[in-house]
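Asker: So the sequence lines, in the order shown, correspond to chains A and B. Quick note: the first sequence uses my numbering, first residue 16, plus one each step. Quick note: the second sequence uses my numbering, first residue 16, plus one each step.
Please keep in mind that the hints were generated in silico from the structure rather than gathered at the bench. Cβ atoms here follow ideal geometry from the backbone N, Cα and C, with glycine treated the same way. Some hints could be false.
[As the list claims (entries may be wrong)] Short, incomplete list of chain B residues facing chain A, as computed with Cβ under 8 Å:
1. Q49
2. D65
3. P66
4. V67
5. T68
6. T78
7. M81
8. N82
9. E88
10. V93
11. A95
12. L96
13. K99
14. S100
15. E121
16. A125
Protein chains: 2
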Amino acid sequence: MDERIRKHAGILVDWSTDVKKGDNVLIRAHPSAQELVIALYEELGKRGADPVTAYTSNEATRTYLMNREGVMETPAHVLALFEKSDVVISVIADDNITAMGDVPGERLSAMSKAYKPILELLTSKRMTITLFPNNSSAQMAGMSLAAYQDFVWGAVNRDWQEVYDNQEVLRKRLSEACEVHITGPETDLTLNIEGMKPVNSAGKHNMPSGEVYVAPHPDSAEGSILFDMPMILRGQEIEGVKLEFSKGEVVNFSARGKEELLESMLETDEGARRLGELGIGTNRQIDRFTRNMLFDEKMGDTIHLALGYAIPWSVGDGKKGNMSAIHVDLIKDMKKGKMTLDGEAIMVDGKFSWEWS
Amino acid sequence: MDERIRKHAGILVDWSTDVKKGDNVLIRAHPSAQELVIALYEELGKRGADPVTAYTSNEATRTYLMNREGVMETPAHVLALFEKSDVVISVIADDNITAMGDVPGERLSAMSKAYKPILELLTSKRMTITLFPNNSSAQMAGMSLAAYQDFVWGAVNRDWQEVYDNQEVLRKRLSEACEVHITGPETDLTLNIEGMKPVNSAGKHNMPSGEVYVAPHPDSAEGSILFDMPMILRGQEIEGVKLEFSKGEVVNFSARGKEELLESMLETDEGARRLGELGIGTNRQIDRFTRNMLFDEKMGDTIHLALGYAIPWSVGDGKKGNMSAIHVDLIKDMKKGKMTLDGEAIMVDGKFSWEWS
Numbered sequence: 016m017d018e019r020i021r022k023h024a025g026i027l028v029d030w031s032t033d034v035k036k037g038d039n040v041l042i043r044a045h046p047s048a049q050e051l052v053i054a055l056y057e058e059l060g061k062r063g064a065d066p067v068t069a070y071t072s073n074e075a076t077r078t079y080l081m082n083r084e085g086v087m088e089t090p091a092h093v094l095a096l097f098e099k100s101d102v103v104i105s106v107i108a109d110d111n112i113t114a115m116g117d118v119p120g121e122r123l124s125a126m127s128k129a130y131k132p133i134l135e136l137l138t139s140k141r142m143t144i145t146l147f148p149n150n151s152s153a154q155m156a157g158m159s160l161a162a163y164q165d166f167v168w169g170a171v172n173r174d175w176q177e178v179y180d181n182q183e184v185l186r187k188r189l190s191e192a193c194e195v196h197i198t199g200p201e202t203d204l205t206l207n208i209e210g211m212k213p214v215n216s217a218g219k220h221n222m223p224s225g226e227v228y229v230a231p232h233p234d235s236a237e238g239s240i241l242f243d244m245p246m247i248l249r250g251q252e253i254e255g256v257k258l259e260f261s262k263g264e265v266v267n268f269s270a271r272g273k274e275e276l277l278e279s280m281l282e283t284d285e286g287a288r289r290l291g292e293l294g295i296g297t298n299r300q301i302d303r304f305t306r307n308m309l310f311d312e313k314m315g316d317t318i319h320l321a322l323g324y325a326i327p328w329s330v331g332d333g334k335k336g337n338m339s340a341i342h343v344d345l346i347k348d349m350k351k352g353k354m355t356l357d358g359e360a361i362m363v364d365g366k367f368s369w370e371w372s
Numbered sequence: 016m017d018e019r020i021r022k023h024a025g026i027l028v029d030w031s032t033d034v035k036k037g038d039n040v041l042i043r044a045h046p047s048a049q050e051l052v053i054a055l056y057e058e059l060g061k062r063g064a065d066p067v068t069a070y071t072s073n074e075a076t077r078t079y080l081m082n083r084e085g086v087m088e089t090p091a092h093v094l095a096l097f098e099k100s101d102v103v104i105s106v107i108a109d110d111n112i113t114a115m116g117d118v119p120g121e122r123l124s125a126m127s128k129a130y131k132p133i134l135e136l137l138t139s140k141r142m143t144i145t146l147f148p149n150n151s152s153a154q155m156a157g158m159s160l161a162a163y164q165d166f167v168w169g170a171v172n173r174d175w176q177e178v179y180d181n182q183e184v185l186r187k188r189l190s191e192a193c194e195v196h197i198t199g200p201e202t203d204l205t206l207n208i209e210g211m212k213p214v215n216s217a218g219k220h221n222m223p224s225g226e227v228y229v230a231p232h233p234d235s236a237e238g239s240i241l242f243d244m245p246m247i248l249r250g251q252e253i254e255g256v257k258l259e260f261s262k263g264e265v266v267n268f269s270a271r272g273k274e275e276l277l278e279s280m281l282e283t284d285e286g287a288r289r290l291g292e293l294g295i296g297t298n299r300q301i302d303r304f305t306r307n308m309l310f311d312e313k314m315g316d317t318i319h320l321a322l323g324y325a326i327p328w329s330v331g332d333g334k335k336g337n338m339s340a341i342h343v344d345l346i347k348d349m350k351k352g353k354m355t356l357d358g359e360a361i362m363v364d365g366k367f368s369w370e371w372s
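Make a model of the complete structure from these sequences and hints.
Answerer: And the structure:
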């Protein structure tokens with residue numbers, strides 16, 4: 016076994032989910048992640064925890080849904096499995112991430128509704144989501160499998176305590192700030208985050224991680240911003256997205272093609288035109304766009320804004336976060352950009368103020 | 016998808032486990048059975064039943080146990096999953112059936128003990144065990160994958176109602192019989208089955224099936240028998256096993272090599288020297304020995320005797336079946352042999368009496 020898989024498993028079990036003796040551990044994985052599953056069994060065996068693996072497959076789910084008509088109930092056996100699990104480790108490793116593409120929307124909705132109580136249970140568990148590199152995700156990233164493995168394990172197999180400590184500096188600065196000002200090519204945007212709760216995301220719920228994020232006040236965005244990285248929406252890529260905000264709301268938008276797709280997203284609901292998240296990526300091992308949000312939003316020297324739903328724990332006590340059925344991330348390269356907090360520069364051309372020599 | 020896989024899935028869901036709308040179905044399968052899992056999802060979708068697949072792997076279990084020390088508890092999440100399942104379909108498809116070979120016996124025992132309440136639950140479910148052909152099982156059978164697929168689906172994809180009906184003739188004859196007399200090369204053995212309960216096994220708990228079996232009275236075996244087919248014990252093959260019985264007990268034994276292995280098995284406990292089962296294989300699609308008891312014991316034109324534990328529902332009301340920690344099957348080719356019930360020939364040179372023209 017590649018030693019990097021063993022290290023990945025150790026990080027998931029120790030840092031991400033803090034597995035202890037006697038824990039009931041549920042692993043959710045596609046069969047193509049079998050090597051990581053075996054490495055997890057090794058780590059769980061050493062710690063005296065009890066594993067079971069539920070096998071997830073887009074292809075199987077697609078086949079099921081194409082044949083499944085009518086209302087779906089929450090399956091009692093799956094609910095019971097989640098209820099009695101202390102730890103849930105989800106491993107993304109589908110063979111073909113487009114496999115669900117032809118499933119009618121109402122069938123997906125029926126399943127989402129049936130599984131909602133199960134997914135809600137997840138928030139009460141020690142849980143993490145990770146990815147095992149395979150040819151499907153490598154192809155999506157436009158890389159060979161070997162190069163993509165280097166990329167993934169470079170981003171995953173890090174000293175997460177050190178990442179956490181470094182990000183604490185940024186989190187504290189954000190927690191004391193009111194006005195955020197972002198400038199750069201075709202960009203001049205201000206946001207207000209006063210009293211909101213920045214979150215230090217350092218490899219617990221997402222592996223890899225490496226970002227600090229916070230909910231802005233939903234009516235605070237003013238000005239415009241160009242996102243240099245492609246946006247992924249319903250499996251499609253939209254390039255050159257530019258948004259103009261007034262009183263927190265998108266009042267103008269443009270893109271290099273597929274503008275109607277962008278428009279339909281903005282019209283989902285009232286909250287779809289307002290911001291739910293400002294995130295700052297710090298993981299410099301993630302040095303390129305790979306069409307996978309688990310990685311892309313943590314890219315070093317970038318920031319991202321999400322239209323839609325604000326993660327509740329990033330909203331300040333007594334404050335209002337944005338509400339929406341969507342949460343769509345858009346990424347801006349900060350190698351040519353500047354961010355100030357209350358007029359003080361904190362990030363210039365990708366470097367944080369405490370990194371200037 | 017090979018249409019034979021789809022047919023296999025349909026038989027498991029309809030004939031073996033009678034899946035109905037709303038059933039919670041647990042599939043237990045090795046990743047290499049993914050095509051059958053997908054075919055099952057198709058059938059379950061059509062019927063409006065809810066599937067979840069627990070991933071089983073000798074290799075993962077081996078890795079876990081090699082690292083797992085001490086007492087194991089019954090894992091609450093696995094127990095809950097089984098408790099809430101209406102139907103359990105287990106698919107044998109390991110990549111390498113020898114993978115558990117180096118796990119210390121006490122670790123296997125610790126796991127068996129922890130999982131005992133879970134396996135006991137299985138008897139209250141609609142459940143079946145089947146096999147998905149892969150290179151590992153094909154290699155074990157000494158066949159190419161393509162030839163082994165023909166073999167497996169030939170034995171599985173049958174009209175099971177017809178098999179059941181045909182076997183009823185045999186079951187009824189056995190249920191009325193007292194003395195069974197088996198003769199052939201180096202064989203002259205009598206057993207008593209008076210008042211015992213022959214079972215028509217036609218593809219419910221085992222797929223494929225095709226046998227009628229009954230518990231003999233534990234003290235009734237008299238005489239000797241040569242088993243022409245190899246016996247599989249702890250992964251090893253023992254050829255030419257010959258047993259001599261007196262008052263139901265093995266009083267003499269021999270084999271062409273590995274006699275000490277045979278002896279250690281006979282010394283497991285008191286019941287290991289007595290018979291727990293007489294089985295008559297009827298599945299003529301199973302026309303060769305493939306080193307897999309799911310198939311071998313159902314081979315057409317054979318009988319088998321099991322040393323050890325008697326299956327409770329094959330023991331007559333108020334009668335005593337044999338007790339033991341083991342249940343080891345030994346197969347005799349009846350192409351040159353004869354079986355009589357109370358002096359009346361029922362099987363001669365492989366043909367049943369009702370097949371004589």
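Asker: If a hint holds in the structure, say so; if it does not, say that too.
Answerer: Here is what the structure says about each hint:
1. Q49: holds (6 Å)
2. D65: holds (4 Å)
3. P66: Status holds, d = 7 Å.
4. V67: Constraint on V67/B satisfied, holds at 5 Å.
5. T68: holds (4 Å)
6. T78: With Cβ-Cβ at 5 Å, under 8 Å, it holds.
7. M81: holds (7 Å)
8. N82: Check passed: Cβ of N82/B comes within 3 Å of chain A, closer than 8 Å.
9. E88: holds (7 Å)
10. V93: Given a least distance of 5 Å, the restraint on V93/B holds.
11. A95: Because about 4 Å separates A95/B from the closest Cβ in chain A, which is inside the 8 Å limit, the hint holds.
12. L96: holds (4 Å)
13. K99: holds (4 Å)
14. S100: This interface hint holds because 5 Å falls under the 8 Å limit.
15. E121: violated (15 Å)
16. A125: This interface hint is violated because 11 Å lies over the 8 Å limit.
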